[in-house]
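Q: Protein chains in written order, with the UniProt record's numbering: chain P, 1 to 412; chain F, 1 to 412; chain W, 1 to 412; chain E, 1 to 412.
Calculated directly from the structure, the hints in this document are not laboratory data. Keep in mind that a hint or two might mislead.
[To be verified] The calculated label-pair distances, taken between Cβ atoms and stated as ranges, are: (1) P:R169 - E:T240: 24 to 34 Å; (2) P:A349 - F:R169: 43 to 53 Å; (3) P:D329 - F:A69: 48 to 58 Å; (4) W:P246 - F:G281: 18 to 28 Å; (5) W:P246 - E:D348: 17 to 27 Å; (6) E:G228 - F:R169: 37 to 47 Å; (7) W:P246 - F:A411: 38 to 48 Å; (8) P:G281 - W:P26: 54 to 64 Å.
Yeah, the Cβ is synthetic: ideal placement off N, Cα and C, and Gly gets one too.
There are 4 protein chains.
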Amino acid sequence: MGQPQQSEGAESETPAPAGTGAGKPPLRVGMVGYAFMGAAHSQGWRTVGRVFDLPLRPVMAAVCGRDAAAVRAAADRHGWAAAETDWRALITRDDIDLVDICTPGDSHAEIALAALAAGKHVLCEKPLANSVEEAEAMAAAAEAAHARGQRAMVGFNYRRVPATALARRMVAEGRIGTLRHLRVSYLQDWLVDPSFPLTWRLRKELAGSGSLGDLGAHIVDLAQYLAGERLAGVSALTETFVRQRPLPHGPTSGLSAASADGTGEVTVDDAALFTGRFASGALASFEATRYATGRKNALRIELNGERGSLAFDLERLNELSYHDATEPDAHAGFRRILVTEPDHPYLDAWWPPGHGLGYEHTFVHQARDLVHAIAEGTTPDPSFTDGLQVQRVLAAVEESAEKNSVYTPIAV
Amino acid sequence: MGQPQQSEGAESETPAPAGTGAGKPPLRVGMVGYAFMGAAHSQGWRTVGRVFDLPLRPVMAAVCGRDAAAVRAAADRHGWAAAETDWRALITRDDIDLVDICTPGDSHAEIALAALAAGKHVLCEKPLANSVEEAEAMAAAAEAAHARGQRAMVGFNYRRVPATALARRMVAEGRIGTLRHLRVSYLQDWLVDPSFPLTWRLRKELAGSGSLGDLGAHIVDLAQYLAGERLAGVSALTETFVRQRPLPHGPTSGLSAASADGTGEVTVDDAALFTGRFASGALASFEATRYATGRKNALRIELNGERGSLAFDLERLNELSYHDATEPDAHAGFRRILVTEPDHPYLDAWWPPGHGLGYEHTFVHQARDLVHAIAEGTTPDPSFTDGLQVQRVLAAVEESAEKNSVYTPIAV
Amino acid sequence: MGQPQQSEGAESETPAPAGTGAGKPPLRVGMVGYAFMGAAHSQGWRTVGRVFDLPLRPVMAAVCGRDAAAVRAAADRHGWAAAETDWRALITRDDIDLVDICTPGDSHAEIALAALAAGKHVLCEKPLANSVEEAEAMAAAAEAAHARGQRAMVGFNYRRVPATALARRMVAEGRIGTLRHLRVSYLQDWLVDPSFPLTWRLRKELAGSGSLGDLGAHIVDLAQYLAGERLAGVSALTETFVRQRPLPHGPTSGLSAASADGTGEVTVDDAALFTGRFASGALASFEATRYATGRKNALRIELNGERGSLAFDLERLNELSYHDATEPDAHAGFRRILVTEPDHPYLDAWWPPGHGLGYEHTFVHQARDLVHAIAEGTTPDPSFTDGLQVQRVLAAVEESAEKNSVYTPIAV
Amino acid sequence: MGQPQQSEGAESETPAPAGTGAGKPPLRVGMVGYAFMGAAHSQGWRTVGRVFDLPLRPVMAAVCGRDAAAVRAAADRHGWAAAETDWRALITRDDIDLVDICTPGDSHAEIALAALAAGKHVLCEKPLANSVEEAEAMAAAAEAAHARGQRAMVGFNYRRVPATALARRMVAEGRIGTLRHLRVSYLQDWLVDPSFPLTWRLRKELAGSGSLGDLGAHIVDLAQYLAGERLAGVSALTETFVRQRPLPHGPTSGLSAASADGTGEVTVDDAALFTGRFASGALASFEATRYATGRKNALRIELNGERGSLAFDLERLNELSYHDATEPDAHAGFRRILVTEPDHPYLDAWWPPGHGLGYEHTFVHQARDLVHAIAEGTTPDPSFTDGLQVQRVLAAVEESAEKNSVYTPIAV
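Please model the complete structure; the sequences and the hints are all you need to start from.
A: Here it is, written out as structure tokens:
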């Protein structure tokens, strides 16, 4: 405890907030996939109406996966009313309004296209697809569906950290002025050990790419979102440090590339480094890796502008660092804003100042924003078109890396 | 995303966890009070079975408050099946197994004693009571009820931060050796502005005390918990910096001490500083204040022992700082443990490494631990006896402050 | 390199600064003692005229110690023109203007009184003396000498860290407003190992006290200096954790208290904790210890006022933390001022922004400020009267600790 | 004060260190240039023999610059025995053993070649030269002179920060294992303001390059030094954000490119970003800029290896961050080593633990190491050959930037 604003129980002086459901139209969600992302999205749907006042009432209608027993258990665990084993059946159900896609990237396009064709709203995990071609088809379908009143959003959840949302607001307010530099990295270390097994994330046919699509997609989106402008071109290096890894135990789930020695080939990048120019002329550097020993989830971004700077690190997600260069030198410095005040983004619905949020709250906020877009008929942000543009950046990175790092413009 | 262990949806190689409910006996919870603490406890009860495998199935049976419309809205908002306006009715309901008390301290004793008498398990927010006498009665009742199979726990939720739980484990393992120093503070700043209104927390008849009971209770409990031993005596200073404050708008809810000028008297401490000796001879300093400008929720504790040190700050709750003094000087230093690994307390149920938790997770963990204690027949930790002992420390602080700071032993 | 302002060598556009000596009157310094403090003061005297434009030209005339060979070597090492073995001879030399006392506290009073009587200016290391009585005599002598044109200063060098000097300037400008809290500690850990030998610092007859006089004197002075006001009273606990320690090797230099087992008794405090009230009503906590495992030189001070806060840690001495509470909550936060800008105290004489200073620079600055006071006839700050007042605080701490921590007013 | 090891003055139990001079052969230094770098080198030569036990006795024999009055004043200010206005005269003086070159890069080659030809040892500021051709001639001359007993060193002073020297030692001990990543940046902000004048550093004919040569040279050298291996190739982007700047006041010192409007053209890079591959396959990213708003002197380097990681930031130069990946996950974390212990590099000569050093100490250490190399006949580190190799990296960066960022191998 220890808080200013609120009082307890019967002593409450302010009326309690309106209920979460009474009389509101439902938004019936069907989710495909129920592993890590599925658990995170479930937490988002389960919580969002308990915390925010929403125009619609989210209903966790059904979850879908191939293994009947496992998906039944997942439904029970995460609170979904029904379980399905065929996503094609799920998307044709009349009692589903929104399809939430939490599968690996190789199935995003097929499911999303079918769901849009079936008249559903769609939330699709990032990266939008495993290729530019797939993403183009998805963006086109989303635009067509938009005209029919459907909404489609990509799950770049790191836009929904209160600190990054605050950073975006401050950039938009002109607080850092003309942008000169961005330095952006997403550092993890779970592949440092060469005996870590060959999971689906290390096979190109399933994951599309390695650190680039998994981590790089996040930082490309976040950098462009915060800058409020897009990359014009990139120059890239990629590397696979450990090329053979032991196969995982159990059924290998499509990992067909096994060698006789019980190992399989890593067919994606372990790390991707690239520099780039933004439309305005600002310079940027990017690094995505799973070999940054000791860095567990260090998504870091710093923006330097003529009037100030902003810096963020996901390992300290309740903080935003801000330097106001318009102050006198004698008192200027990077300040640590504890992003837990009621006038920070999303925060008025949560706890008193200083009572921090965690990773999963980004999914609550994502659900909140999507519900509003659907209810209010606005374009969800980021749209499939935004997701396509990120895909084009990733393709340019791969092209540059293949062409001796030559500077490669982003297709428009 | 960006994570090692898990795969998605149908590709899952590991079986999904067992469901949350099928076949498990229910634990039917009735909560009294629904403001800040009520919202936090609700989030705990709503989430705990979705994340942890529990021996019982928590059911959010009913919430209770005086204002019928408000409590109905709160039930709807937070997900309680029923609403009650009389806590006496609530505790006599047959379909309630556990009474969760989230009201201000002045009603804790009455409700808890009645609930225990009615055969219920009890979870009571801290501080246990507004006086030692009340707390003694509650501890005695809890011990008697314990023999009848009932469980009673105090809501010192800061024991359930993974970082503090890890610190406790490391102390118990002997990693810091003989304890020499503790320095403990809980710093907030929401009273710095003299125009902040006179809420119930600033009136002795409702809150019992000010910073001392609200913040000081937490740090006394946490310090003793981490040390694994108890305070022997204290020497204290307390102060009320701003003695008159404007009355809050609206019905003053029992704040009867209004002056003609629209202000009322602050009758609790604004700040409490005390030093103390632990049983082992270690020295400690404590500070609880609502006037530490810029510190929003800085519950900080550092322990120095002959073999190492540990430090924690609630404003960075996913981190624990550890100095291992058995290492060579050339490589020694305080290390920042990011407490998000699967072998850290509570963490195997949550997200991959580096994906941090927030404040509210302490209530999920509290619910988890209480459910286990009830199902397994163990003594919940902290018990009402522990809560009584904290109350005795707070009483000694007040006594010392009244007696010119003279060193005052803690009653046993 | 990498710096804005300056150009190199012959390309210089600005005229080089005036020389250090030509035509300036000398200030001939004689230093007593040449160990740690002597080395630090030597570095100060050797450097000050090379960096700052001074009204007088410091001359390192003579150093004094009992052992002829050792003092001769020290003179050679540190750059003193002559070596003396009798401080009484030193202070009567006509070619000495200033006596710089770097011996342990037990000889401060005798040397300082004699030097003042001999017409010399005096710089005396802290603590001013080993007792209030000695300090009173010294302050009285200094005041009398002041009227004769002599200057006397105490070596509280931590006032001369640019960051603390900046903090003082900001407090004086009203930037933090009415003061509510100070929390002050000086944490070291070199006594954690019980086999560390019994040096002179652990014997009351030589050192006067333990952590209290060595570390506590610094933080009492610094806290009062930054606050701009004085302590009114204190409540204290002191402790000696390890009471017997092995005798050091070699001649024991007056450590007469040896036991038969080769150990001797520690007769000073290992740690001192005290709380206090400032004249304005602000509350303060102090801790001085040599048992804070892993803390090497953590002199920390935080001040909370109605309009802002300031925080400093000597382990990061080029930084000052500042919170401006007059800013909107959405952008407020503790900022890290890198105190290396030309308009920060002392900094225009040093390097470009971001090129930090070290511990020893405090002695350069101390020498600079004393030279100015002597040349300009102003009262050096801190004066012997200031040193006496600190001594009275330390005496009140000891008295309170002996009297069961009872609140003890500071004698005026 | 507050320190373990030493005692004061006559009570000293350990003999004072041997003197700095008696009987030691002199090393007579003549320095060319006396601005920022000249002041820093002077502080180094003045202090080194007072702190370290050296095999030779440095003598500050003469300083040289074009303006007779200014160089005379600089000699007086910084403690040089004589002043010269012609560097050719200086290097032919019989009483000069070592020529210390502190001028801008355009004169390094000419002076160094002449000094080597004249039989002198040479210390040359970085970057070694303004072109690879010059650097090749200098390296060849240094090797020839080496055979004649002369020593030549480049002034990459950031190898001499105790924390970076410790990092090198730890890498060499195998503590971080196979290297995977380096991320290196040198961030300053003194050009953010477009009204900052066009100094010599912004003109290619004088400075050779901009951020690249000034800041980039440092980080290329430091990265290769810490890694213990060399860059194989780079891919680069450079940019000049502000192309016209006001001319500085006063004589423009060769800045002949003035426009009619009182501005002149910036002919060097403002920022340089490059990625690269090390010989072992490790990936690296580099950034050098003077537009990183709020970053004053942020030379940062992080190395990730299979067994651990190290990180350093020049703005906190007394600290080294270290992650030991061989520890159990539950207790692992980046630790902050306070690099002030006696068994850290250079530290046994300085102050007690926790009493930090500053920027200028790197020049004291540089002088120390060079004196040892000269006295002991070893090759100074970094040699002119090392300086040449850095020059080749910078040339490859420029070539890549001109060729559309194509990956460009480093010439061997």
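Q: Return the numbers of the hints above that this structure violates; sort them in rising order.
A: 2
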